[in-house]
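Enquirer: Sequence order for the protein chains is A and B.
First residue of the first sequence? That's 1 in the UniProt record's numbering, and the numbers climb one at a time after it.
First residue of the second sequence? That's 1 in the UniProt record's numbering, and the numbers climb one at a time after it.
Treat the hints as calculated values from the structure; they're not laboratory data.
Treat each hint with caution, since some may be false.
[As the list claims (entries may be wrong)] Using 20 Å as the maximum straight-line C-alpha spacing, the simulated EDC-like pairs for lysine to aspartate or glutamate come out as follows: (1) B:K131 <-> B:D117; (2) A:K153 <-> A:D172; (3) B:K131 <-> A:E105; (4) A:K131 <-> A:E74; (5) A:K131 <-> B:E105; (6) A:K131 <-> A:E92.
Number of protein chains: 2
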Amino acid sequence: MKTLVVIGHPELADSETQPFLKQVGKDWATFHELEAPFDIATEQQLIWQAERLILQFPLYWYSVPALMKQWLDEVFDEELLGPQHDRLVKKELGIVVSLGRPIREFQSGQRQAFTIDEYLRPLQGLALATKMKWLSPLVVSQFAYQSDTARQKLAVAYQQYLSLPQPVRFKDRVAWLTRQLATMQTNTKDTIAQQELQQLAALLSMKQEQLDDLNDNLRLVRETEGY
Amino acid sequence: MKTLVVIGHPELADSETQPFLKQVGKDWATFHELEAPFDIATEQQLIWQAERLILQFPLYWYSVPALMKQWLDEVFDEELLGPQHDRLVKKELGIVVSLGRPIREFQSGQRQAFTIDEYLRPLQGLALATKMKWLSPLVVSQFAYQSDTARQKLAVAYQQYLSLPQPVRFKDRVAWLTRQLATMQTNTKDTIAQQELQQLAALLSMKQEQLDDLNDNLRLVRETEGY
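Next comes chain A alone, as it looks inside the complex (with noise of 0.2 Å):
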């Protein structure tokens, strides 16, 4: 999975939110920190190379900052797109905003009043109408209140949203979390840490034993009872 994030933040040097996702997302993806102007033909390139294009950016008046918006008015083009409209086919189009304000404010009744899905329409449209595969968008809310716990399952959610098929399954998720365990197990030399990587890779190995059985019976019930 080739993935590109293309970051659209007009004072990045001000961001805490910015070099932590680059930090824990540098293996996982190739950063593109937007600058104006741009050189139209080299942006188009990245585009055309990437599988999985995530746009990621703090939301500004609920949508897309002007340094954004200025790079999609003037990339995405006819040239971009073909004649046909269809040179994007296939690629995957991600968010992932970052918030100043709490999430549970976006939806009806609240302060921000919309959901965040409802906010991002037109980057929904615009991955309709380049025939791209819309994504979930995968939202940080507040990350300068973050604890270090809320931030290291940022991380996580974060490296699995650049990499793994989307929606996401579970049992994908716990695949990736055995492979991340093996690789820090290979990496270090700490031996007590190296027996402690084990054990938990062989209790999420035993879960995940436990969850197939637990779905093995309910098949069985299920069918025993005629759903």
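Given the coordinates of chain A, work out where chain B should sit on it, guided by the hints.
Expert: Below, chain B alone, put in the same frame as chain A:
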């Protein structure tokens, strides 16, 4: 009603729609054509002076062009809104959006998949967050292909959108047309044109009286029937 029309069009010189709207709207509003870079203080002064703020733009990838987004990102700051976010209270936010595709495509199951209302959620969110009254958008669909009659209708709808209380009532539209006919009658020196305008005004007035009568009858019927 002090109406400010802010035009965000990156290629104004090539636009057919914008000069038309400016020509027919010039007596009804102040027109402000955006050009970057912006002097933030001047822009904010313009907004504070207006009672009705109209954002006028061609739809680019289902949202405002980058130029207008830049204006929103830079000008709509804490200074404009005030510490209590109440400096724009009682102002109205209207949208005049022009489309390169037919309006019928903007619905579920059609090519553009979502309605204009859905695509404009970010601007509606802006109105809510700044406590401005949101006006139903005025859509200009494929101006280049419009007949003269369609353009004349558009001119009237546009002038009314700039000047009448919203949402507009039928009675207000008729009163507005009557005033327009009276003004035209005063301004022309052609006696035949004067007579024709007078006849039109008389016809309009008669129709309005008939409508009032019908409404009275309808009310009586309803009361008798106990609705």
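Enquirer: Are the hints correct? Go through all of them and say.
Expert: Now the hints, each set against the structure:
1. B:K131 <-> B:D117: holds, 18 Å
2. A:K153 <-> A:D172: holds, 16 Å
3. B:K131 <-> A:E105: holds, 16 Å
4. A:K131 <-> A:E74: Given that 20 Å is the threshold and the Cα spacing comes to 18 Å, the pair holds.
5. A:K131 <-> B:E105: holds, 16 Å
6. A:K131 <-> A:E92: holds, 9 Å
Figure legend: structure checked against the earlier numbered hints; every hint is met.
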